[in-house]
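Protein sequences appear in the order of chains Z and P.
Residue numbering for the first sequence follows this note's numbering, beginning at 7 and increasing consecutively.
Residue numbering for the second sequence follows this note's numbering, beginning at 2 and increasing consecutively.
Hints may be right or wrong, so weigh each one.
[Claimed, not checked] Using 27 angstroms as the maximum straight-line C-alpha spacing, the simulated DSSO-like pairs for lysine-lysine come out as follows:
#, chain 1, residue 1, chain 2, residue 2
1, Z, K309, Z, K460
2, Z, K174, Z, K35
3, Z, K117, Z, K437
4, Z, K451, Z, K117
5, P, K163, Z, K35
6, Z, K451, Z, K437
7, Z, K174, P, K163
8, Z, K499, Z, K309
9, P, K364, Z, K117
Keep in mind that the hints were calculated from the coordinates and are not lab data.
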Amino acid sequence: MFLGLPVISVAIWLPILFGILVLATGDDKNAPLARALALVGSVLGFLVTIPLYTGFMRDTSAMQFVEMHNWITRFNIHYHVGVDGISVLFILLTSFFTPIVVLAGWRVIEKRVAQYMAAFLIMSGIMIGVFAALDAILFYVFWEAMLIPMFLIIGVWGGANRVYAAVKFFLYTLLGSLLMLVAFIYLYNHSGGSFEILEFQQVAIPINAQILIFIAFFFAFAVKVPMFPVHTWLPDAHVEAPTGGSVILAAIMLKMGAYGFLRLSIPIVPDASHRLAGVMIALSLIAVVYIGLVALTQTDMKKLVAYSSISHMGFVTLGLFIFNDYGMEGALLQMISHGFVSGALFLCIGVLYDRMHSRNIADYGGVANTMPVFAAFFMLFAMANVGLPGTSGFVGEFMVVLGTVRTNFWYAFAAASTLIFGAAYTLWMYKRVIFGAVANEHVAKLADITLREKSIFAILVIAVLGMGLYPLPFSEILHVSVNDLLVHAARSKLP
Amino acid sequence: MNMDLMTNLMPASPEIFLLVMTCVILIADSLIKQSGRLITYMLVQLTLMVCALITVGTHQNGVAHVFHNMFVDDLMSDVLKLLTYLSVSMMLVYSRQYLTVRDLFSGEFMVLTLFATLGMMVMISANHFITLYLGLELLSLSLYAAVALQRDSAIATEAAMKYFILGALASGLLLYGMSMLYGATGSLQLDAVSRSIHSGTANNTLLVFGLVFVVSGLAFKLGVVPFHMWLPDVYHGAPTAMTMLIGSAPKLAAFAFVSRLLVTGLQPLVQHWSGMLIILAIASMALGNITAIAQTNLKRMLAYSTIAHMGFLLLGFISGDQEGYGSAMFYAVVYVLMTLGSFGMIMMLSRVGFEADNLSDFKGLNQRSPWLAFLMLLLMFSMAGVPPTVGFYAKFSVLNAVVQSGHVWLAVVAVLFSLIGAFYYLRIVKLMYFDAPESHEPIIFGQDTTLLMSLNGVGLLLLGLLPGTLMSVCAVSVQQSLLLH
């Protein structure tokens, strides 16, 4: 509660309400109204989450801003939401990106504007719900409900192969979540009739069951992260999604998988997590190294950034499963940073795509000559993707590598190779697109970015540089929660 | 004495009233010209409404038996009857326009519907093999005739024929099984049968033999694999209004039928029948979901999806406890609401001489009518069991019962088949939202249909946000009515 307001509920339901309002504006005759309403809704949605940061108590890992109401009494299910140091940053990240996405689609989306804007607003509320839910069924409902608007966003406003990508996205994610549902129901019966996630974290579970639960959770979360080898939906979805969809996918949705590991897998089945940590680390390293190499060979910019996301998320899962404070905090910071950076990169590609209607690297060259301002912004985000010190990308990666060295030097060695591969694929792409002589007459006719686009990028520059130069406001929030999680995970839960 | 008779008949008063009204309507309708058919329609709706009032008015706590224990009135029967009236009445609203333009909006149709309703009510309240059978036959015979009502349609006649022959076979199996159970226990009355089996005096071989026939008969009527052959043809061949009549309310009666027979009557044999139900359920979910993918006709696809849903519903029974039965009842109720909506949608998109029952007819619906497309989206996601629609909670409560009874593997199998099922529901959403429309014919329908469809679709969403009440109603009525010995 803050000033007597249930902050989290407002943060969840306000965007959804605005989404319904936007839908009510009807067809494209009222598009300007739909856009304006969507912008107001998303900015308000961001403003209402600010008290979560300012009012957050940094010295405890207990849940804050808690709201709890009976929901389905028959199964003892509650509407129970709250935040700790781990989830609060993601909620802010989500509400931060919604206005950006609305602005990014301002001119580009011309057909069915109201539905487009409404889908993003509704999704924003649902995603905040995922990060805030403390009841397993509430979590599950938000987790699944998110699929519907995303499915429509990819399928309706996506590229040529959108239907395939949308269906693949939906079914992949559904497979994982259904297994998670069975695990929840098992835990409900095992814990004596409660769906409270915090209750699940306390109950003792035999090792066999722990391993099965871990596998069920693994399917749900690994698909979302996505981890090797269940990552194949991501490049398709990214390539076909409209810019806004790609931004939300990369910046927020991928984080949900890792968040799931943190909130559910590790605390609920710590023994299985420790036992299977080797597998997780191996898969993470494969993602980092192998997917990094795959990214090198891409000819499509969006695909390249998509593979780069998978590789960076490999860093995150690596950080989580080495079980030390540097690793875990680094992983969290990396997630936030990756949200900013990958979101920004997709916006950059979107800017180019809006003008040229091509994502092929080969169609570009010499963009710096016609779009100098854009080239400068793009450069900064590319550097952040590489992990240049001073940008946000550096902090998380550095901490994860540091944490990994403490566990095993060779893991760290393999992980650190991403600093080279990352630099190679990002800068090579940058060079081919931006530098050189003007490649063709299309590039020659390019107009530099507008004020709207400049302001979007400026906000992201502040975020990227701010976090890179002074990460303390981020790390102080999650510090206590991460430490307590590690202490909790170190205790065996075997009966 | 007279007073005694009256109080004795009280629990059966909705049935008696319905029977009287059906006869009245039958006679009255013969005096009405086709142009005044709306009067019959209003009378039917009024009858259903009064039935609902009587059912509520004569409700009493506890369980009442009449007609020498052949007929039972308890909370479950009252709840199911109310839902039956609701769903029959919705069916009539949805199909009025559809039938009118096809010259099928006749008194016969409405009288058959009422007789079918009566049959369902008798099934719901049966406490005796004979009552069960009577109700079932009254329902089935009315349905056979309803399917055949479109005389000049070869495909409808074929459907009616198939339905009739296989239905008669199923009735035969059921009767044969019942006769064996009678031979083993010496009683036709369900609770007496249960007591007799429980006491251990009955011949076990004979009992299990009879049980196999009874379960096969049930499986036929429910349309679960391997007794499902009639279902796709009948769903496809019958005029959509009749398909809706077959696919909606009778599933509630079927739930009552299964629970009366297997739980009230044969609960002591739970180990035997739950094993059979597991096989039937898995086979149905597998075949239903996989075959549905290959369908290009929406009615056929929904038929296979029905098979899969019935398999899922049976999972609620295998746990053999009230938790499970309650979840099965909830599943049946939710399923009926979804079926009404989806067939209603087909009828809304149909026009004179055109059936909108091919998948491609749904192409680009979002551009033709965004609101209808949104409602259909809710219906399809609810069928697939995706939250926040109520279909999810139906699946959830059944899965919970399955896990609680220790069959975690079965829950995993069930969700994997649901995943396959999600694919074809998703395809409809894809057609509506991602594809361009093939036809730009305006969609014309009455305001009553639009309103009902909106209530139906949004209701699935609202029930999904607040499913607690309906869940508790189902759980409580099962607890009070299906007493375990």
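Hint check, failures only:
Per hint list: 2, 3, 5, 7, 8 violated.
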